[in-house]
Amino acid sequence: MSIENKSFRPKIVAFCCNWCSYAGADLAGSSRLSYPADVKIIRVPCSCRVNPMFILRAFEKGADGVIMCGCHPGDCHYSTGNYYARRRMTLLFSMLDYIGVENGRTRVEWVSAAEGVKFSDTMNSFVEKIHSLGENVRLGDLRCRN
Amino acid sequence: MQELINRAKELLDNGTVARVLGWKAGDLPYDPEPAYFETAESLKDFVYNGFCGANLSKYMIEASKLEGKTLVCLKPCDTYSFNQLIKEHRVDREKAYIIGVGCKGKLDIEKIRNQGVKGIESIEGAEITDEADMLKIQTIYGERSVAYADAMLERCHVCKGKEHKIFDEQIGESKETKDGERFDEVSRIEKLSPEEKFAFFQKELSKCIRCNACRNVCPACSCRKCVFDSNKFDSSQKANVDSFEEKMFHIIRAFHVAGRCTDCGECSRVCPQGIPLHLFNRKFIKDIDELYGEYQAGDDTDSKAPLTNYTFDDAEPSIVGKRG
Amino acid sequence: MSEKKKQAELIEEISGVNPLKCMKCGKCSATCPSYNEMDIKPHQFVSYVINEDVESLVNSESLWKCLSCFACVERCPRDVKPGKLIDAARQMVVRQRGQAYLSPDEIPELLDPELPQQLLVSAFRRYRR
Amino acid sequence: MQRIGVFVCHCGSNIAATVDVSKVAEMALMEPGVVHAEDYQYMCSEAGQAKIQDAIHEKKLSGIVVCSCSPRMHEATFRKAAERAGLNPYMVEIANIREHCSWIHKDMEEATKKAVILMRAAVAKVNLNTPLKPGESRVTKRALIIGGGIAGIQTALDIADAGYEVDIVEKTPSIGGRMSQLDKTFPTLDCSACILTPKMVEASAHEKIKIYTYSEVEKVSGFVGDFTVDIRKKARSVDMDKCTGCGVCQEKCPSKKAPSEFNRGLNNRSAIYTPFAQAIPNVPVIDREACIKFKTGKCGICSKVCQAGAIDYEQKDEIITEKYGAIVVATGFDTINLDKYDEYAYSQSKDVITSLELERVMNAAGPTHGHLERLSDGKAPKEMVFIQCVGSRCSDDRGKPYCSKICCMYTAKHAMLIRDKYPDVNVTVFYIDVRTPGKNFDEFYRRAVEQYGVNYIKGQVGKVIPQPDGKLLVQGSDLLDNKQILKEADMVVLATAIEPNPDVRKIATMLTASIDTNNFLTEAHAKLRPVESPTAGIFLSGVCQGPKDIPETVAQAGAAAVKAIGLLAKDKLLTNPCTAHSDELLCNGCSTCENVCPYGAITYEDKEVNDHGIREVRRLAVVNSALCQGCGACTVACPSGAMDLQGFSNRQIIAEVDAICR
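Protein chains in written order, with the working numbering: chain A, 1 to 146; chain B, 1001 to 1324; chain C, 2001 to 2129; chain D, 3001 to 3662.
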């Protein structure tokens, strides 16, 4: 990794559902499992509350990566929320990939309230990935600022 | 066309319908526009020819609120849109008298112009009854001829079929125009490198002038008020060219109609900048077909849309990176 | 880093075993067919690695008494795999002698009566899949 | 514009050691809307809460941001504090700078920077908060208990004694559960049946308790205070009102080849059967898989011998729909399948048994009528070996990572009972650790060693090898003597790991109650709310929540009952006001939201609207806020953005996104 990359501090937004992933992040915290401070968590009631517009908004405002975490499929507090979220995110990510935004900038991970370790591991690997991709310029420049 | 006009007169006269929704001749030979006809006399301006590409389904949202039935002329591909609007409770089937009109492919004036044809005075061979494979074009520079197929809209080359999905009666013959595969162009782009993909879309999207023609014509974009016009998402920032709205408009618009878009192709047809907007919608359709099973919006009026549906073992979002 | 610590870490790396997972149940020793001939018993392997005393392990009788039957690996409830630890210690010895990095194709050519049987068995086991 | 107060908590040194709290407070004052900021040692303390309340009064605050621990911890505390000072509780937001910041970062500068950003996001959100008012919903004063073991029975009795109706749904033909299968109980050695049966009788006789045996929960809808549950009463083929429980049918039944579930398959039962003599209700069921009448159409002997005319081959499954205010899960446990532990020869020898099977062998009503004998040849054993931790404490995929908790004690009990009754039998226990925390537990274990001479060997068994002469060769290690042991035994008993009843996954899904990786139901808080599920109105009783012995189970059953009573005692519940709402002027009436709502909370109405002077009747989505649980699925499905979620509105979330990416 070059020196330049090391000074690059990515902006990463993590949407976490209240019941599983946010609690998983809490558990990572109380277990003192560290991950980079670049990750900032936004609490939503359920992964199905995450509107693709929020993700695009984050990118437009300069986020370098957006990750969404929810309960494991089958374990949604609202029974079915994450099934809808899964389809929405799959299609959105596919579209972003299609227009040439690096696929690694978006991720969905299912993290239960008991998976503090998984939460921290996930964030570590995601930040690492964003580091390898560098700053997100494409979505900010989708229309040439001629 | 005459058969259509005669039948419309009959239905107006016997009170079955209160008005006719069709196309009216424009100022130029290639720009007929959607119009209401409320009397038999006014039907003298009615036209139906190769340039009548406009999908009239969306007009039925407003027509459904009017007194009495409206006769609406729907081409085969338009009927998908109408079905989708029924599914979404946006049109009233009881308020519509649908005449399924035949279609031999619709023409794109830009394609004619691109062949160096200028100063057009009249065009022959675009009538629905014409059997000719060639268009005879009178220009101020003399007569030119262009093959009908070479002047067709992109969407007609990948036509979904000439079957009307919903109608009260059918008038006029159709001719198969499909000579290409719907997803070929999407597949081609998918295979490009991220840099090439980005370059392609950046070039296309940079042309956008945000005239909203695509949104206004789209039968799926039927919201009373678009999210880009309301303050619900802090997304309407008209003054700022470099805003969220500007950059993400087409992606969000495509997402909003994903699973609802019938691929009628109107967005690309009306774009004054010639942006191939259907490539966004078709990408979603292709993904939906591949990931969740084949689905054609507007095929029926009661099936569950892909984005309001799920199976326990749907693909994970990580599949996007794995498909390569 | 001390030499001892380096050796211990090398063992962990070669074996892929985390000795701290051991809960000292002794199932490995219970199951070992060579138990009586060993001076350091299978359940003790982990503590030698944890205590960074790889040297004793390398110089032990057990190093060449282990049959690489991997019964201990199969039955260990904690995924600690003492057999892999001793196997790694043997690897280390062999590497030091300069016979490093066996590839499966090389094995037939290396079938030398001088070569310890245990190495062969573990090599076959390792490359079986 | 809001007048926002920001309160930064030190949490002793938990936050202050890594985050410069005064800097966060200082930076807060630069945020739009913030008129007050301070930091304090313990914001959640009485003094800390008083600071918030004082500031609300003095600075006329309209919104509060507390930078502290997780909202899952103290959001409710701070909301209540704000409410006491006259502020709407939903004007409070928490910036989680402990779990999500100070506890995971080491560098002070970095952690402070992040804390400031988290504070900004919370301030940005509060700027858009609106006062919310919870709605009210009614409480059905009846509880449902799923599972009729000791946990379910105890919970039912406690709730019923408080004066509320209780229904127990039990899958098997009788209540009693695992405890009814036990012979004696530790550490007092009373007979299990002697203490359980009176409770079973009490439950069945209680006027407030209704028991549905041979029944399963089929469907659950609704929410806390107002659940609607479908219960499938499986066809018993015996009329419960007519049957006198004489037992003649079971005696005469010619099909006696079905393995007895109650005796863990160690012997057989008839096709028409009650699982055990003290079963409640004492009404048999016909096992239709085993019954000759059902298989071939011929037989019908039970019907002929039944003087009460209670046999009814035509009986069908019946669905009962009932409303409940609270649901208690008490689904219990089973022992794990031992297929993956073939080294212990469980599948190879009848003399290798699980501890639960030994309970049946030792029990007077069991397959051997209480005589300790080998199941292969009926001979009395001389050498018995117990193997501990079979499938417990395993980090591989063969077993369970947790300690099953009860095995050390029941093995001591078994060893003691055997030595007491058969002093010539040698008992050896191979253990890894002996875990006996509990009142009189270690004393009990020491008695087994000191008074009864049970031979405890520290070391696990590697293999059990059945010998041609029927003996079992046990190969284990003695870690203290550093020896490998080869021992011939006549019987081997495996302390098999316990796991939650496999049905619990299905039930948890119906209840939308969360479950952990081991299929134990998750409690709302590991320490402070151990008998409640995070799903409101669902309570946990017994082993479904985690391994427990009988006294613990009974204690937890009582605690679950109290929580359920606390709910049932209320006439009305305040509902979560963070529900979805549709903007009438934006709604298309397209039904998309209705399709994704898991609660059926969205309906459509034709309503007249005034859209900027245009008056017309439109088809509009209407959210029933009593049914809406606030997941937000509809808000994203809605194409026009008409549907929004209070407390988590589009603009609020976007404001957070913007604040983070600023």
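Please keep in mind that the hints were generated in silico from the structure rather than gathered at the bench.
Predicted model, so just to flag it, every value in this text is computed and none were measured.
From the three backbone atoms N, C-alpha and C, an ideal C-beta is built for every residue, glycine too.
Any given hint could be a false lead.
[Stated by the list, open to error] Which stretches of chain D does chain C cover? Using the computed rule of at least three CB atoms under 8 Å from a CB of chain C, they are: (1) 3384-3395; (2) 3455-3462; (3) 3479-3487.
So which of the earlier hints does this model not fit? Violated hints: none; all satisfied.
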